[in-house]
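Engineer: Now for the letters of each chain:
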Amino acid sequence: MSTISDVHSDHEEHHHAPRGLMRWVLTTNHKDIGSMYLWFSFAMFIVGGAMAMIIRAELFQPGLQLVEPNFFNQMTTVHGLIMVFGAVMPAFTGLANWLVPMMIGAPDMALPRMNNWSFWILPFAFSILLASLFMEGGGPNFGWTFYAPLSTKYSPDSTALFVFAIHIMGISSIMGAINVIVTIMNLRAPGMTYMKLPLFVWTWFITAFLLIAVMPVLAGAVTMVLTDKYFGTSFFDAAGGGDPVLFQHIFWFFGHPEVYIMILPSFGIISAIVPAFSRKPLFGYSSMVYATASIAGLSFVVWAHHMFTTGMPVEAELFFMFCTMLISVPTGVKVFNWVATMWKGSLTFETPMLFAIAFIVLFTIGGFSGLMLAITPVDFQYHDTYFVVAHFHYVLVTGAIFSIMAAAYYWLPKWSGRMYDEGLGRLHFWCSLVSVNVLFFPMHFLGLGGMPRRIPDYALQFADVNAIVSIGGFAFGLSQFIFLYLVIKCIRSGEPAPAKPWEGAEGLEWDNLPSPAPYHSFTTPPEIK
Amino acid sequence: MTQPYDKYYVPAQSIWPIVGAVGLFLIAMGAGFSVQQMGSEQSYGLWVLTCGFVVIITMLFGWFGNVIQESMDGLYSAQMDRSFRQGMSWFIFSEIMFFGAFFGALFYARMIAVPWLGGAGNNEMTGAVLWPEFEAIWPLIQTPGGTTTEAMGWYGLPLLNTVILVISSFTLHFAHVSLEKDKRGPLKLWLAITLVLGFAFLFFQVEEYVHAYQEMGLRLDSGIYGNTFFLLTGFHGLHVTLGAIMLTVMFLRVLKGHFTGKSHFAFMASSWYWHFVDVVWLCLFLFVYVL
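In order, the protein sequences belong to chains A and B. Quick note on the numbering used here: the first sequence kicks off at 1 and runs consecutively. Quick note on the numbering used here: the second sequence kicks off at 1001 and runs consecutively.
Because the hints were derived from the structure by calculation, they are not lab data. Even for Gly, the Cβ is constructed at its ideal location relative to N, Cα and C. Incorrect hints may appear among the rest.
[Said to hold, decoys possible] Short derived list, chain B residues pointing at chain A, Cβ under 7 Å: (1) Gly1020; (2) Phe1025; (3) Gln1086; (4) Phe1093; (5) Ala1105; (6) Tyr1108; (7) Leu1140; (8) Ile1141; (9) Ala1266.
Could you put together the complete structure from these sequences and hints?
Structural biologist: What follows is the structure, given as structure tokens:
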């Protein structure tokens, strides 16, 4: 039972990280790579957030105030791309890197060098995407969904760079997902059977499957955009026998599983935190596993609910409407289980728990507005309005991002070996909670009132609500710097954390490893009870 | 899980991942600039692209060189071997999904887009108002916009290529079986035959493209039929090229005496990949050529 680190290395190298910049560039360590993913994700969160601030500043008052409409379009597009591919997905991959080996009793990820490759592709890919903003004709301005013909006939010349940036991001995601799925299938400690896996590992297992299944479809979609724009094909052009709606089908065949890629790991995080602070085991573990798998399965047969207004045959509309509504069943199981876990528990409300509870409530609001959007005739009214914007920001910001925040607070003591400042954490939580609702809740009303999305100007009757929304947006943006300050303060001068700072926490990472976790997690497999 | 957990090899720091990231960065930038610069005087995009490929090829040699060395030094356990195998299987699954996107486009065009343009379903006015002359038939030899082309038949070269590729899958399987029984002579022979068949396929594929462009007027921009034809067969051709390169490397490694009957992951992965491109071709032959 021994781990061989390298033929040439001395024994010391297992436990002490190399120093200097090259440690990060050349690393094969899952914790280093996880940290890089998390810092990269936060940097992108700030960059994408800055773009959101520009959008909200422009929309603070009606009329064209600050930026050109074309630049506004670039901001909405790149904000979406960065938040999806640069902030949320890398954050989850970072969490998976840090946590999955610790949770299953493995020394590292299964393919450590490929792991580093997956990460280092990302900064380069996003440099290309961001650089395209400064090129002649501007960057991508067709929405993050890059619908044809906006992305084929009417797009800027930099679209080729957008396409190849997406290609290498996809390569990174696929390699990252293969690594996670192989780690989970193959590196579990003896006795760690599938039905003993922590839910975070389970949800990532299924997420990795979704990523491997749909990222190549996105690659296909951008390739067809490329050939339509530059090589004279007509996949999305009716004059050549194609169809612009075909683009939407291919895109959303990727896009709908993609939104579950951005929420399933959240379910795993919440399923770890809620039991810890309720001091009760998770209610309905196996139903959680089956619910996650059902959501993933259903995600492949609901894509056209994004396209109810494209003139599909009514049979198709009905099929996609009913399949979509079915998703609320497994999702409801999950919400029920979290609430049942808290029921009669001895609850305390440290910052991770606050974010987790906010997640449950606010994600459920996003789920309900999703159910409203699933109803075809009603969607005809909501389509392309701020109601949709409100819906997906509730599930992505107060869903995905809040769960990532919860995870960061929950595992920060394990990662850094130090406790964060609980007071600052709560300040961050309450500022975020209030501002995020001021930001997104009124958007429901704007949408129901008919305000279209992706337009830099709006009718006068929306002026007051938009001003309120913008103030909420600025406040939410500023609140995130509390988090940055808190993390830096924690790493530099936090109180030393015990191996298990949370009384009710369970799992190998708390019970079998000290804080901070050693450079290589398990050199000998832990005993699984 | 009763497998022995005796040793787990965590490689020390490696230069190759960052080299690979730089290589992909140069390829993405270079490809983007090259596409933008098509038909213009500038051509630095192609230089960047070439640099990218040089970097990636260097990385592949270095990275695989390290892995082969480690494997021959006996650092890998059965568990590592399983990780590699599973990784390769998932990679092939992602490739299947990539082809799925293009097959999806083909089926959508055939079953939905083209009939609707001809007025099927509740689209009667589309046909009547936009393109009254348009006839919805497949292969779509005349687009609504008026581009005309010819359809590629399935007999002749495509049929020959199908036979070649199917046989090559069998010969590769025989090579694999020989390897597992440690019979080096038949292994070399079968692998060499597979390689000849693979490159013959690529040769005939190029012939077919030349024929399509020069004699049939079937081009990449000949409407949705030409689009799906060239992207599907083109991406398949690229994968055959990649697979043939992989098998060539395997052949050279076999000549150097690498691989044993028990330990030959690289050979198996290349073989899986080859069978995968073969199956894709059978789908292509059926849906692009025959039907």
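Engineer: Give a verdict on every hint.
Structural biologist: Evaluated hints:
{"no.": "1", "hint": "Gly1020", "result": "5 Å, holds"}
{"no.": "2", "hint": "Phe1025", "result": "4 Å, holds"}
{"no.": "3", "hint": "Gln1086", "result": "5 Å, holds"}
{"no.": "4", "hint": "Phe1093", "result": "6 Å, holds"}
{"no.": "5", "hint": "Ala1105", "result": "6 Å, holds"}
{"no.": "6", "hint": "Tyr1108", "result": "5 Å, holds"}
{"no.": "7", "hint": "Leu1140", "result": "5 Å, holds"}
{"no.": "8", "hint": "Ile1141", "result": "10 Å, violated"}
{"no.": "9", "hint": "Ala1266", "result": "15 Å, violated"}
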